[in-house]
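There are 2 protein chains.
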Amino acid sequence: MSRVIDETHDPERTGWPQGAAGHGAFPVQNLPFGIFSCVDRAPRGGIAIGDQILDLGRLAATGLLAGDAAEAARAAAHPTLNAMFALGARPRRALRRAIFALLSDRRHEDRVAPCLVHAADATMHLPCAVGDYTDFYAGIHHATAVGKLFRPDNPLLPNYKHVPIGYHGRASSVVVSGTGFRRPCGQTKPAGQDAPQFGPSQRLDYELELGIWLGRGNALGEAIPIAEAPAHIAGFCLLNDWSARDIQALEYQPLGPFLAKNFCTTVSAWVVTPEALAPFRVKQAARPVGDPPPLPYLHDPADQAEGAIDLALRVTLLTPAMRAAGLAPVTLSQGNARDLYWTVAQLVAHHASNGCNLASGDLLGTGTISAPDPAGAGSLLELTEGGKTLIRLGNGETRSFLADGDEIGLHASATRPGFVPIGFGPCIGQVQGSVGC
Amino acid sequence: MSRVIDETHDPERTGWPQGAAGHGAFPVQNLPFGIFSCVDRAPRGGIAIGDQILDLGRLAATGLLAGDAAEAARAAAHPTLNAMFALGARPRRALRRAIFALLSDRRHEDRVAPCLVHAADATMHLPCAVGDYTDFYAGIHHATAVGKLFRPDNPLLPNYKHVPIGYHGRASSVVVSGTGFRRPCGQTKPAGQDAPQFGPSQRLDYELELGIWLGRGNALGEAIPIAEAPAHIAGFCLLNDWSARDIQALEYQPLGPFLAKNFCTTVSAWVVTPEALAPFRVKQAARPVGDPPPLPYLHDPADQAEGAIDLALRVTLLTPAMRAAGLAPVTLSQGNARDLYWTVAQLVAHHASNGCNLASGDLLGTGTISAPDPAGAGSLLELTEGGKTLIRLGNGETRSFLADGDEIGLHASATRPGFVPIGFGPCIGQVQGSVGC
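Protein sequences appear in the order of chains C and X. Under the numbering used here, think of the first position of the first sequence as 1, with each following residue one higher. Under the numbering used here, think of the first position of the second sequence as 438, with each following residue one higher.
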């Protein structure tokens, strides 16, 4: 894992750009990467600091960076971060350290300040061109709760604790936070009907996940040993794996979800690095007595010691009625990424264990993260027990599944005594009417 | 469908380039697109004619093309065909007609001949950068035979005749014919063992499929009506969906195949156009009495009348011992693409029916094509009844699943009285040892 806690985590340091001191998500201890554009310029790489964005291409042009850091900044001066992520961990770390120094010390402020733009003036874009998107199923409380709806006596399938279950998702329909999407049409079979019908999904759901952006890839036919897996991870985001439960129920056997999921997947705009998350790594939750130990290709002592991430997660809902009344979003549930059964290193090592070639800019989802407590479930399917229980929203409205105009927000924050808390920025998506059926 | 049979199918015409007359796969009536390179030049678009390849960029530079045809040729002068396919059907058709005229008439031979290279001097590449790869399950005899291995009394799941079943595959590991691949490692549970083990797959299989290359795409949130679906198809190839049956058995529930399939998918190098296949389109096989009619979004009278493709398919095996003895490959089975339950237009319309955005260069597989007769099965899983029956190869060797060094070839030919037969060129892949486990 080689988790390094260094001066970039020093809680005494603050960034000098506007809004950096005390910023809940983007203090100088975070420095996540993203792709932004302003009115007059094409999309390009930046780093979030407080309420501003540092333009990496402009910074490279100042001559204030050298060596690996300069190389990484130049590679980020493109419409996607794929090239920078392909450089691997060392240049990325060097760039973060260099920027930490420049933003926490006013010595070069006169040359750095012109590289800053106000986040409010920028449009965020997908950080990478997604080559392949894979979604795992590592949230054991989700897998158990969903399994229980179908198999009350045997909720977890026998393979679950041996094999990190995953499937391929659709790369083309991954969109960045703030992009609306249409309710999918599809074949569904309402209770009591003999044959399927075609129309807008009536059971539209969200799924709360952590996303993993791949850094350096591997060649086809070459596995990634688990000890090397962390070096292949460029960073993390929040991921909403929107799901049409009624379409899913009809189509998923025997080959898994397809049209129930591939109409849209939303990710948060900023890529939070493993370096920024280093203070928040924790021991992988102990496997309950009787659980099988991971096979050797999934076992690494360092990963077990600090492979989990203590990251508080929250899902919010803003309905059209709430928006019209000026009300704030309501919290639907809260969870934590440390509840995942497999570590992110295990997911990467498993994915490449058969020789499958991962590439920089690939996106992995962890699977839905639900808390052990049913109130902390990461989807409406679980919160409403398959749609049977209505959720009351406080303003008198109720929901079983999502209505047109509903906006779901995913939020994350990492806190630990002695360290400055960091966040991810929100992952927001809104249901905007239906695809024409 | 707007299937046009025109002068480009005239059996009296022959191409003047070497090897074109009487060529079993690439007579002047075919003219498939591909990406090739020679020693001294980068990969670029070409058209196969006999034993030669016509360089489309060079042809465009002669000034012999005009309008749509010239635009398509210029768009093909790149390392992939994505840009040309994105232009849609009209420029592609215009280019094929123009090239037919130039190659079947010697008037401009002096200017066209310098644009030809010998196929033997060229290396073929993947025709497109594959954005997303989707694999369907439209071979009903395969679905039935495989289902029978698990559920003898109820082989086909209830959704099969309503929903064109499909799942997302891995785009990064799609390779062109002639590329070797390594036997995957993975978790398997041999009979009689309590817990999974990790090691090289012992049940490595092939799957005989037709591949569909997407032409013009659709915007996210916009469906493709079935009547418009054929215009979104740029062409066809052969596709081998290599499968590790022992890995698949352990991992596929509940989310479908993952590491059992994503280590390699092989496609034939040439993209055979819908125009070249026009004479070989046939009526969709009548649904057996009692089968549900397709829902309206999958129903188009023209598609039903001529949506199937009469394309003879053949699988061959060449073992290391056969190679050493100078023996020819043996035929393992023969089938026909007309045995698919869903048409290619139905697959495209279904895929986009929920608003999923398809893009030019996307690849769809039909699913394994097996004949109604078990001897015409499109995989070893079926031919050996799940590995229980050994196949005798004629030279004394036997196989249940693939051994290291085995080479599988997929072959296709379309014939119809009154027309010149055309082929696809082979889809060949060889098992080359194991991924390090």
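Take these hints with a grain of salt, some might be off.
Taking lysine-lysine pairs in the DSBU-like style, the calculated list, with each CA pair at most 35 angstroms apart, reads [what the hints assert, rightly or not]:
1) K189/C / K598/X
2) K148/C / K189/C
3) K585/X / K161/C
To be clear, the hints were calculated from the coordinates, so they are not data collected in a lab.
Structure versus earlier hints, numbers of those that do not hold, lowest first: none
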